[in-house]
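Residue numbers (the working numbering), protein chains in the order written: chain W, 1 to 250; chain L, 1001 to 1377.
Keep in mind the hints are simulated off the structure, nothing from the lab. Certain hints may be false.
If we take Cβ atoms under 10 Å as the criterion, some of the chain L residues that face chain W in the derived model are [to be verified]:
#1 A1113
#2 R1142
#3 S1174
#4 Y1237
#5 I1239
#6 P1259
#7 L1318
#8 A1324
#9 F1325
#10 N1328
Derived SDA-like pairs: lysine to any residue, alpha-carbon spacing no greater than 25 Å straight-line [as the list claims (entries may be wrong)]:
#11 W:K114 - W:N218
#12 L:K1176 - W:S153
#13 W:K114 - W:V158
#14 L:K1072 - L:S1246
#15 W:K171 - L:S1104
#16 W:K243 - L:S1116
#17 W:K237 - L:S1246
#18 W:K237 - L:A1168
#19 W:K152 - L:R1210
#20 W:K114 - L:K1108
#21 W:K243 - W:P231
#22 W:K65 - W:V158
#23 W:K114 - W:K243
#24 W:K114 - L:A1113
#25 L:K1075 - L:I1266
#26 L:K1249 - W:N218
#27 W:K237 - L:G1320
#28 W:K163 - L:Q1025
#29 W:K65 - L:S1335
#30 L:K1249 - L:R1142
#31 W:K65 - W:E77
#32 W:K172 - W:V208
#33 L:K1176 - W:Y149
#34 L:K1072 - L:I1156
Keep in mind that this is a model prediction, so the values were computed, not measured. Just so you know, even glycine gets a beta-carbon here, dropped at the ideal spot from N, CA and C.
Single-letter residue listing:
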Amino acid sequence: MAGKKLPPLPAAATLPEADVLLRMMADMRRALAKPVSERRWVMVIDQRKCIGCHACTISCIAENKLPPGVVYRPVIEQESGTYPHVARTFLPRPCMQCDNPPCVPVCPVEATFKRPDGIVEVNYDQCIGCRYCIAACPYNARTFDFGDYYTKSTPGGVQAYEKAATFEYGKKRARDHEASPVGNARKCHFCLHRLEEGMPPACTTTCVGRATYFGDANDPESLVHELIGSPNIQVLKPEANTKPRVYYLV
Amino acid sequence: MKAMRYLFGALWAVAFVLGLVGVWQRVTHGHELAGYGSYVVWGLWVAAYAYFVGLSAGSFLFAALVNVLDVKILKPLTRIALWTSLVSIGVAMVAVLLDLGHMSRAFKVFTSANFSSMMTWMTWLYTAFAILLALVGWFMYRENERMVKALFTIGIPLAIAFPGGGGALFATLSAKPYWHQPLYPVFFVVGALVSGGALLAALAALVWPRRTEMIRLAGKIVLGLIAVDLLLEWAEYSIPLWYGVSPEKEVLMQVLTGPYWWVFWIVHILLGCAVPVMLLMMKPASPTAVGLAGALTAVTFLAVRLNIVIPGQVTPELQGLENAFSDNRLTFAYSPTTHEWLVVLFLAALGIGALWLGARFLPLINTKEVQQDERAA
C-alpha cells in the first residue's frame, strides 16, 4: 500500500529553540562537502556553562577505549576567592590542535604531523615511543600508553571490553599486548573518525550543559565562527605562541 | 689483591645477573613496571643515557686533546680513553633503546629521519661518532699516525657537538622553563669533560699507580673541570633565584630543598665535588687519592643528570592538572622503581664488563708506545 504523502519536515536546526547540536551538525555537513584543506576545525568551550560533570572526559574514554593513564580531555577544577566569596570554574583541556604545534617538529620520525584540516595526527605505526612530543607539549595534552588495564589484577582477569577495538584515525585496532597504540604517545584528535562521518566529537555530543561547540571556522555561517568573534574569547597560554585551535569563552 | 679481585668479580656477577632480571622484566612486561608516567615522562633511564653519553664524549675529548696538543705525559691513556668512549656510547644507546615504547622501530630514525628534531640530530651524530671511533681504532691498529691525528681533529668538534646537542635536546623545549635555557648545551659539554676526565683519572690511578706525573696532571685537570662546572652551576641557580620572583624558582627550590635535596647536596656537592676537591688538593700525587676522587666524581655525576632530567618535569603545565584525573601515571611525583634500578645495574655491569674485556684482550694498556715510554723513563 502506498504511504501517505507528507510535507517535508522543517529544517529543525534553523528553529531558534533547536538544540545547538543540530546547528553544529548542519555546519559540519557543509564543511565536509568542501575539500579537506578548506576545512578549519576548531572547538569552543564556554567555561561559564561548564558544570564540571566530567561527562566529556568519560565519553572520550568510552569512544576511544582509553586504557588507564591515558586521558585526552581531563577537566581541571579551579577555585578562587575566600569564603564567603568563592567561585569554582572548570577547564576542560583537550588537545589544542595548535597551528604552531611544539609536538610536531620534535618527533624524530615524522610520526606526528599537522593534517590539512588542522588536526594534529599521530601515526601509531610510525611512532617509536620516545615521548619527546609529550615533553614538548606546553599543555600536557599528550599521554603515553603503558599497556595497562583497569581489570588486570581482578579475579576474572582483563575484561573483554578493555580489549575492544579503537577506531582512532579511521583504523580499527584491537588492543593486544605490545601492539600499537600500546607504547605510543596518544592525544585527542577531535574524534577525527567521527568527524569524517558527520558526527561531532564525543565530548561535544555528550556535554550536558552544551558548553562545548565544534565546527569549521572557515565557514562564516558556522556557530564557531560566530563564537570566536566574541570579545570574551581566550586561548590557553597565548604567550607560548602555539596558536591553539581550542578557544574558551570566559 | 687476589682476594679483592675475586670479590670485585663476584660483585660484578651479582650485578649482572640482577641486571638481566631487569632487562627480562622490561622485555616481557614492556613499560608496565616503570615508575615514570605521562607527566614525568622521562625517568632514570633517560638520565642514565645522558650520563653515559657524557662519559663517552668526555673520554674522547680527553684522548683527542691529549693527542692533538701532544701532551706526552697523558698519551698512554689514549687507547683506554677511546675504548671507554666506545663502551659508554654503546651503553647509552642500550639505555635509550630500552626506554623506547617500540624498540623494534628504532631504525626509523634513519629511514624516516626528521631533521627538525634534535633527537634525530643526536642519533645521527652518535652514529657518526661511533664510526669515527671505529676508524680511529683501525688506523691505530695499522699504525697510521697521520690518519689518527686527522681523525682526532675531526672528532673534537663532533665530540663537542653531541653532548652539546644532548643539552639542546632538553633546552629547545620551550614548554619546560627549567630546561629552556641557552646555558644547557655548554653545561652538557663541561659535564661530559668532568665525568669523562674523572673516569680516566680513576683508570689511570688503577692501571699506572706508579706514574706520579700522569696521576698528578690527570688530577689537576679534574680539579679545574670541577671548578668550571661549579661556576656554571652557580650561574644556573643564582640568576633565577636572586630576587626570588622568577617562574623557575619553584623548580630550583625543589632541587635544593625538595624531597630529593640529598641528591644535590649529599651525592653531587659533597661526594661528587667537595670530597674529590679535598682529596685532589691534599694529596695530588697519591694514586689512591686521585683514583678515589676521579671515581667519586665520575660515579656521582649520575646525580647531576638526574637533577637535569627529573625536576624539569615535576611542575604541571596547567595549574590543577594533577588533580583533574586520578591515575598513578598522571602525577607529577616520580621516584625510580626497583625495576628501573635493575636495568641501570645492567647498564653499569655491561659497561664495566666491556671495559674489563677490552683491558684484558685488546692492546689498550701494554702497548708499544707505552713500552717505549717506559724504557725512555
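Starting from the hint list further up, note which numbers the structure goes against and sort them upward. 2, 4, 5, 6, 12, 13, 14, 19, 25, 26, 29, 30, 32, 33
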